[in-house]
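Chemist: Read off the chains here:
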Amino acid sequence: MIVQDVVCYLFGRAGFDRAAQGILGAGRRLADSLGEKLRAAVLGPADDALTAGAQAVADTVVLAEDAPLEEYHPENFLTALATICNQLQPTAVLLGNDTYSQELAPRLAHRLGGSAASDAVEVVAEGGQLRVTRGVYGGKATAVIALCRSPGVVWVRARAMAPADPTGRPAGEVQRLKLGLKADERVKVVSRHVEAKEGVPLEEARLIVSGGRGLGGPEPFKELQALAKAMGAQMAASRAACDAGWVPPSWQVGQTGKKVAPELYMAIAISGASQHIMGIADAKVICAINRDPDAPIFKHCRFGLVEDYQKVVGPLRDKLSRHS
Amino acid sequence: MNIVVCIKQILDPEIPARDFRVDSVKCEAERGSANLVTNIFCENALETALQFREAQGGKITAISCGPEGAEDVLRKALALKADDAVLVLNEAPNADPLFVAKTLAAGIRKIGPFDAVLVGREAGDWGAGQTGGLLAEELQVPCISFAENLQPSAASGAVKVKRQTDSGWELLESATPLVITITNHEKNVPRIPKTRDVMQSYRKPLVKWTLAELGIDPSTANSYYRVAELFIPRKETQCEFISGDTLEAKIDAFAHRVTDCMRSM
Ligand SMILES: Cc1cc2nc3c(=O)[nH]c(=O)nc-3n(C[C@H](O)[C@H](O)[C@H](O)COP(=O)(O)OP(=O)(O)OC[C@H]3O[C@@H](n4cnc5c(N)ncnc54)[C@H](O)[C@@H]3O)c2cc1C
Ligand SMILES: Nc1ncnc2c1ncn2[C@@H]1O[C@H](COP(=O)(O)O)[C@@H](O)[C@H]1O
Chain A
1 MIVQDVVCYL FGRAGFDRAA QGILGAGRRL ADSLGEKLRA AVLGPADDAL TAGAQAVADT
61 VVLAEDAPLE EYHPENFLTA LATICNQLQP TAVLLGNDTY SQELAPRLAH RLGGSAASDA
121 VEVVAEGGQL RVTRGVYGGK ATAVIALCRS PGVVWVRARA MAPADPTGRP AGEVQRLKLG
181 LKADERVKVV SRHVEAKEGV PLEEARLIVS GGRGLGGPEP FKELQALAKA MGAQMAASRA
241 ACDAGWVPPS WQVGQTGKKV APELYMAIAI SGASQHIMGI ADAKVICAIN RDPDAPIFKH
301 CRFGLVEDYQ KVVGPLRDKL SRHS
Chain B
1 MNIVVCIKQI LDPEIPARDF RVDSVKCEAE RGSANLVTNI FCENALETAL QFREAQGGKI
61 TAISCGPEGA EDVLRKALAL KADDAVLVLN EAPNADPLFV AKTLAAGIRK IGPFDAVLVG
121 REAGDWGAGQ TGGLLAEELQ VPCISFAENL QPSAASGAVK VKRQTDSGWE LLESATPLVI
181 TITNHEKNVP RIPKTRDVMQ SYRKPLVKWT LAELGIDPST ANSYYRVAEL FIPRKETQCE
241 FISGDTLEAK IDAFAHRVTD CMRSM
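Here the protein sequences come in this chain order: A and B.
Oh and the first sequence: position 211 is 211 in our numbering, straight run, nothing missing.
Oh and the second sequence: position 100 is 100 in our numbering, straight run, nothing missing.
Source of the hints: derived by calculation from the structure; they are not laboratory data.
Watch out, some of these pointers could steer you wrong.
Said to hold, decoys possible - In silico DSSO-like cross-links for lysine-lysine, where the CA-CA straight-line distance does not exceed 30 Å: (1) B:Lys235 with A:Lys299; (2) A:Lys188 with B:Lys59; (3) B:Lys162 with A:Lys222; (4) B:Lys110 with B:Lys81; (5) B:Lys160 with B:Lys59; (6) A:Lys178 with A:Lys37; (7) A:Lys229 with A:Lys319; (8) A:Lys299 with A:Lys319; (9) B:Lys162 with A:Lys188; (10) A:Lys222 with A:Lys258; (11) B:Lys250 with A:Lys284; (12) B:Lys250 with A:Lys299; (13) B:Lys208 with B:Lys81; (14) B:Lys250 with A:Lys311; (15) A:Lys188 with A:Lys258; (16) A:Lys222 with B:Lys187; (17) B:Lys187 with B:Lys81; (18) A:Lys284 with A:Lys222; (19) A:Lys222 with B:Lys250; (20) A:Lys299 with A:Lys229; (21) B:Lys187 with B:Lys160; (22) A:Lys258 with B:Lys160; (23) A:Lys188 with A:Lys178; (24) A:Lys258 with B:Lys235; (25) B:Lys187 with A:Lys197; (26) A:Lys182 with B:Lys160; (27) A:Lys299 with B:Lys26; (28) B:Lys187 with A:Lys258; (29) A:Lys229 with A:Lys197; (30) B:Lys59 with B:Lys162; (31) B:Lys250 with A:Lys319; (32) B:Lys250 with A:Lys229; (33) B:Lys187 with A:Lys188; (34) A:Lys188 with B:Lys160.
Excised from the complex, chain A in its bound form (with noise of 0.2 Å):
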């Protein structure tokens, strides 16, 4: 079989966003690598910021904008890409790390008769075969994955992939596909919540207040949250906040929460578990407050104060509000 080219699949609801700059970059990337071409496939309604950003981007804009693809649907999106990706016969198809994109990856591996692989932090190229370095063991080890099929169907860190340049590159050809797919019968979406959350997405925050376990409960997030706005920052938490129903389990940060990066991380009460840390593995600045000195998390810290947080808390937010 002649393979060729690499897909990026980007979800047209979600935008331009850091996310589709990521993946879009990665995908460049491993396409120059290769001597191919790349496909931007969106899924759904478009924005003319997306499609104007993904033409920047890549040779050609795959929109597939059927009426099962105006929301999100996990059978009927998998069945639009995996009839998208069988007529282009791409290399390597490559999607974010969003909840919707992680579950089409194996799925549509499969339906391709190709390989996959999650939560890449880079893919090259080697030898007519995909290689996918990611974290595993909860981060305390590294490894390489040698995909043995193709295509390799891998979802990357999006918003640690470096976006593309797109000087000098002509805009890629825009084609409107209309795939004449059939709506699923057998799942159906009963109703969406999106949770209310001021300010910009957690992934995307510049300033993290994180609180742990040894919060204790409900009550001391809300002097964390104190904190957070006096600040201007955002709020997450680690696993066993979340599993503990103190706060929603949309604010877990780590392996299997969302992957942040801030300028500051600032972790109370987090012990620093490796699983944790994949999570703020790219923050610039990680501190701590932590009542034991031996936490873990003090090893990846710029700095930290060891003390009980119930001391802390509250005076470090009049002296921060202050200098705000």
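Fit chain B with the ligands to the known structure of chain A by using the hints.
Modeler: Relative to chain A, chain B with the ligands alone:
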């Protein structure tokens, strides 16, 4: 409802980084003195199944693919009152997710008709996060990922599933049979088995099948992917511990470091 829960045995993911070693030649983690445990998301999945059975009735079969020792995680599932347990014996240490999904699919078909297969969102060792999706494709049924619970539906032959998204949650309804991948949530924190039930679990029947019995060729264990390299990344930051004569002075110094960071943004 017939519910199948897929359970994987893994190296204890909670062992501290300083005690963790890998064999870079075999591309495997070293066992050392670490325990082998049930993958946490499989425990969340079993808990979800148990709660559904308590409310709606039904039958739970636990299945695992692994070496003889993986019997332990199935005994634990039996102690938690899973009705049946099946171990598919496979000695290949780094079997890829497609091999595992094909093996589990063959096992599930041999068990009999099912309404829902519950798997964890990912395994705490290799974190592939693929088995659920691949299993759905093998069984040719829909798949709902990152679910936190399973609810009955007013329609017959269907279930409702609440699942987490990046910005909140959504409620889906699906015809059965289907595959569901389970994530952690405050409501599916696994229960602890009673000592008496742990003892009794050793007297319950546990079925063992070989790969050959399921028509699976062990030489295909890495035809989807293989681990080419495994190593421990070196990265340690020197932490400056904030000192000071009084608590006030320490907080002040800490606040200064924070504002320095904020200014240089
Ligand atoms: C497969 C898998 C995936 C996982 N994914 C994630 C993930 O995505 N995100 C995640 O966070 N975890 C994840 N975990 C869980 C992870 O291993 C840890 O269990 C978890 O991060 C611990 O949360 P914690 O630090 O809040 O709690 P603990 O480890 O209990 O730490 C609490 C800390 O608070 C400190 N403390 C207590 N009281 C005070 C006080 N008064 N003042 C100051 N400090 C105090 C203690 O010294 C301690 O360091 C995962 C685990 C597995 C197995
Ligand atoms: N060897 C196995 N035996 C039983 N279930 C497994 C096995 N490997 C993976 N699974 C299931 O698939 C889930 C996700 O694992 P993975 O795709 O390997 O990250 C696990 O939580 C299990 O429910």
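Chemist: Does each hint fit the structure? Answer for all of them.
Modeler: Hints, one by one, checked against the model:
With a C-alpha separation of about 9 Å, the suggested pairing of Lys235 (chain B) with Lys299 (chain A) holds against the 30 Å cut-off. For the given pair, Lys188 (chain A) sits about 25 Å from Lys59 (chain B) by alpha-carbon distance, which is consistent with the 30 Å threshold. Simply put, Lys162 (chain B) and Lys222 (chain A) have alpha-carbon atoms about 27 Å apart, close enough for the 30 Å limit, and the pair holds. Note on Lys110 (chain B) and Lys81 (chain B): the hinted pairing holds, with a Cα-Cα distance of about 21 Å set against a maximum of 30 Å.
Pair hint Lys160 (chain B) plus Lys59 (chain B) holds up; C-alpha atoms about 18 Å apart against a cutoff of 30 Å. Between Lys178 (chain A) and Lys37 (chain A) the CA atoms are separated by roughly 22 Å; this keeps the pair inside 30 Å, and the hint holds. Between Lys229 (chain A) and Lys319 (chain A), the direct Cα distance comes to roughly 13 Å. Compliance with the 30 Å bound is thereby established for this hinted pair. Proposed proximity of Lys299 (chain A) and Lys319 (chain A) is supported: the alpha carbons are some 26 Å apart, at most 30 Å.
A threshold of 30 Å between alpha carbons decides the hint, and for Lys162 (chain B) with Lys188 (chain A) the separation of about 12 Å falls inside it, so the pair holds. Annotation: proposed proximity of Lys222 (chain A) to Lys258 (chain A) holds, straight-line Cα distance about 21 Å (limit 30 Å). With a C-alpha separation of about 23 Å, the suggested pair Lys250 (chain B) and Lys284 (chain A) falls inside the 30 Å cut-off, and the hint holds. Annotation: proposed proximity of Lys250 (chain B) to Lys299 (chain A) holds, straight-line Cα distance about 20 Å (limit 30 Å).
As the CA atoms of Lys208 (chain B) and Lys81 (chain B) are separated by approximately 19 Å, the hinted pair is consistent with the 30 Å bound. A distance of roughly 11 Å separates the Cα atoms of Lys250 (chain B) and Lys311 (chain A); the hinted pair therefore holds under the 30 Å criterion. At roughly 26 Å between alpha-carbon atoms, Lys188 (chain A) and Lys258 (chain A) fall within 30 Å of each other, so this suggested pair holds. At most 30 Å may separate the alpha-carbon atoms for a hinted pair to count; Lys222 (chain A) and Lys187 (chain B) meet this at roughly 22 Å.
For the proposed pair Lys187 (chain B) and Lys81 (chain B), the alpha carbon gap of about 18 Å is at most 30 Å, so the pair holds. Restraint check for Lys284 (chain A) and Lys222 (chain A): the C-alpha separation of about 26 Å stays at or below 30 Å, so the hint holds. Distance restraint check for Lys222 (chain A) and Lys250 (chain B): the Cα-Cα separation of roughly 23 Å lies within the 30 Å cut-off, and the hinted pair is therefore satisfied. A C-alpha spacing of about 27 Å is found between Lys299 (chain A) and Lys229 (chain A), which places the hinted pair at or below 30 Å, so the restraint holds.
Straight-line distance between C-alpha atoms of Lys187 (chain B) and Lys160 (chain B) comes to about 16 Å, which keeps the hinted pair within the 30 Å bound. For the hint pairing Lys258 (chain A) with Lys160 (chain B), the CA-to-CA distance comes to about 25 Å; that is within 30 Å, so the pair holds. Among the hinted pairs, Lys188 (chain A) with Lys178 (chain A) is consistent with the structure: their alpha-carbon atoms are about 22 Å apart, no more than 30 Å. For a cut-off of 30 Å, the pair hint linking Lys258 (chain A) to Lys235 (chain B) stands: about 21 Å separates their Cα positions.
At roughly 23 Å between alpha-carbon atoms, Lys187 (chain B) and Lys197 (chain A) fall within 30 Å of each other, so this suggested pair holds. For the hint linking Lys182 (chain A) to Lys160 (chain B), the alpha-carbon distance of about 22 Å falls within 30 Å, and the restraint holds. Our distance criterion of 30 Å between C-alpha atoms is met by Lys299 (chain A) and Lys26 (chain B), whose separation comes to about 29 Å. For a cut-off of 30 Å, the pair hint linking Lys187 (chain B) to Lys258 (chain A) stands: about 20 Å separates their Cα positions.
The hinted pair formed by Lys229 (chain A) and Lys197 (chain A) meets the criterion: a straight-line CA distance of about 13 Å does not exceed 30 Å. For the proposed pair Lys59 (chain B) and Lys162 (chain B), the alpha carbon gap of about 21 Å is at most 30 Å, so the pair holds. For the hint linking Lys250 (chain B) to Lys319 (chain A), the alpha-carbon distance of about 12 Å falls within 30 Å, and the restraint holds. A C-alpha spacing of about 22 Å is found between Lys250 (chain B) and Lys229 (chain A), which places the hinted pair at or below 30 Å, so the restraint holds.
Simply put, Lys187 (chain B) and Lys188 (chain A) have alpha-carbon atoms about 24 Å apart, close enough for the 30 Å limit, and the pair holds. With a CA separation close to 9 Å, the supplied pair Lys188 (chain A) and Lys160 (chain B) stays within the 30 Å bound.
The structure shown violates none of the earlier numbered hints.
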